[in-house]
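S.K.: Chains as they are written, first to last, in the working numbering: chain A, 588 to 754; chain B, 50 to 115.
Cut-off 25 angstroms, straight-line C-alpha distance, at most; resulting in silico cross-link-like pairs (SDA-like, lysine to any residue): (1) Lys85/B <-> Arg735/A; (2) Lys102/B <-> Asp722/A; (3) Lys725/A <-> Glu100/B; (4) Lys85/B <-> Glu70/B; (5) Lys102/B <-> Asp90/B; (6) Lys102/B <-> Thr752/A; (7) Lys85/B <-> Ala718/A; (8) Lys85/B <-> Ser714/A; (9) Lys85/B <-> Asp722/A; (10) Lys102/B <-> Gly726/A; (11) Lys102/B <-> Ser714/A; (12) Lys85/B <-> Asp632/A; (13) Lys85/B <-> Phe713/A; (14) Lys725/A <-> Leu607/A; (15) Lys102/B <-> Asp742/A; (16) Lys725/A <-> Pro99/B; (17) Lys85/B <-> Asn69/B; (18) Lys725/A <-> Met50/B.
Which bits of chain A does chain B cover? Going by a derived footprint, with three or more residues having C-beta under 8 angstroms, they are: (19) 707-719; (20) 725-736; (21) 743-754.
Selected chain B positions facing chain A (Cβ under 7 angstroms, derived; list incomplete): (22) Leu60; (23) Glu70; (24) Ser75; (25) Lys85; (26) Val87; (27) Leu104; (28) Val111.
Hint data in this document are derived by calculation from the structure and do not stem from the laboratory.
Glycine is no exception: its CB is placed at the ideal position from the N, C-alpha and C atoms.
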Amino acid sequence: MTIIAEKDRQAVRDLLARELAEDLELLLFTRGRSHGGAASGQDGDSSEETHELLAELAALSDHLRLTPIDVDADPAAATLYNVTAVPTVIVRRRAAAKNGSESDRPAAAEAAANVRFLGLPGGYEFSTLLADLVDVSKGRTDLSAEGRAAVRAIDTPVHIQVFVTPT
Amino acid sequence: MAHQLAMENPLIVADVIEANEFYELSERYGVRSVPKTVINDRVEFVGSLPEAKVLQALHQAVRRDG
Numbered sequence: 588m589t590i591i592a593e594k595d596r597q598a599v600r601d602l603l604a605r606e607l608a609e610d611l612e613l614l615l616f617t618r619g620r621s622h623g624g625a626a627s628g629q630d631g632d633s634s635e636e637t638h639e640l641l642a643e644l645a646a647l648s649d650h651l652r653l654t655p656i657d658v659d660a661d662p663a664a665a666t667l668y669n670v671t672a673v674p675t676v677i678v679r680r681r682a683a684a685k686n687g688s689e690s691d692r693p694a695a696a697e698a699a700a701n702v703r704f705l706g707l708p709g710g711y712e713f714s715t716l717l718a719d720l721v722d723v724s725k726g727r728t729d730l731s732a733e734g735r736a737a738v739r740a741i742d743t744p745v746h747i748q749v750f751v752t753p754t
Numbered sequence: 050m051a052h053q054l055a056m057e058n059p060l061i062v063a064d065v066i067e068a069n070e071f072y073e074l075s076e077r078y079g080v081r082s083v084p085k086t087v088i089n090d091r092v093e094f095v096g097s098l099p100e101a102k103v104l105q106a107l108h109q110a111v112r113r114d115g
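Take the sequences, apply the hints, and build the full model.
M.R.: Put into structure tokens, the structure is as follows:
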């Protein structure tokens with residue numbers, strides 16, 4: 588199955604090559620495939636499709652790495668990242684530590700893991716995802732200077748939920 | 050813009066939620082048109098607002114005196 592159309596693929600590859608400044612990680616939380624097709628194919632669960640989409644996307648840039656996490660096999664990770672639904676996608680910077688060993692770092696939230704998608708980031712939301720990749724990678728946003736200062740001054744936890752539809 | 054707010058402050062978690070896929074959640078928050086934004090279960094608005102309005106909503110949501 589191919590999700591990112593062939594004609595879009597090169598454009599996305601070019602965008603990522605041009606715009607990504609830092610390495611990024613896409614954390615994908617899904618529920619185990621161990622119990623097979625019927626059981627995991629609950630209504631409206633786009634986990635498989637999301638996995639495919641992100642795998643295709645990650646293949647378009649050396650700066651991207653996809654880290655799939657099965658919340659059944661690794662409930663501690665779901666707790667750590669406060670993931671309560673699948674599929675959940677988190678976009679974050681891959682922690683620097685270029686000289687350290689990358690593979691055996693604990694799955695701690697070293698980099699902020701607060702930019703999230705619940706459900707398939709397809710259709711219009713795919714554009715949002717691409718924009719997020721660029722922004723997180725560059726560590727910059729379009730907010731005004733005052734706006735940025737006001738947002739940074741907030742010192743209590745905030746949970747923003749934005750409901751969207753793909754088209 | 051929600052994601053941009055999260056990028057500016059690690060205390061802000063921003064979820065972009067596919068409403069059809071998470072139907073029950075959407076029902077719970079009375080989502081009838083999109084985009085609908087809910088902040089800390091306290092403040093909500095529909096549509097894409099300019100930055101100043103979004104920040105206003107954000108501050109309303111974190112104000113301690115309710």
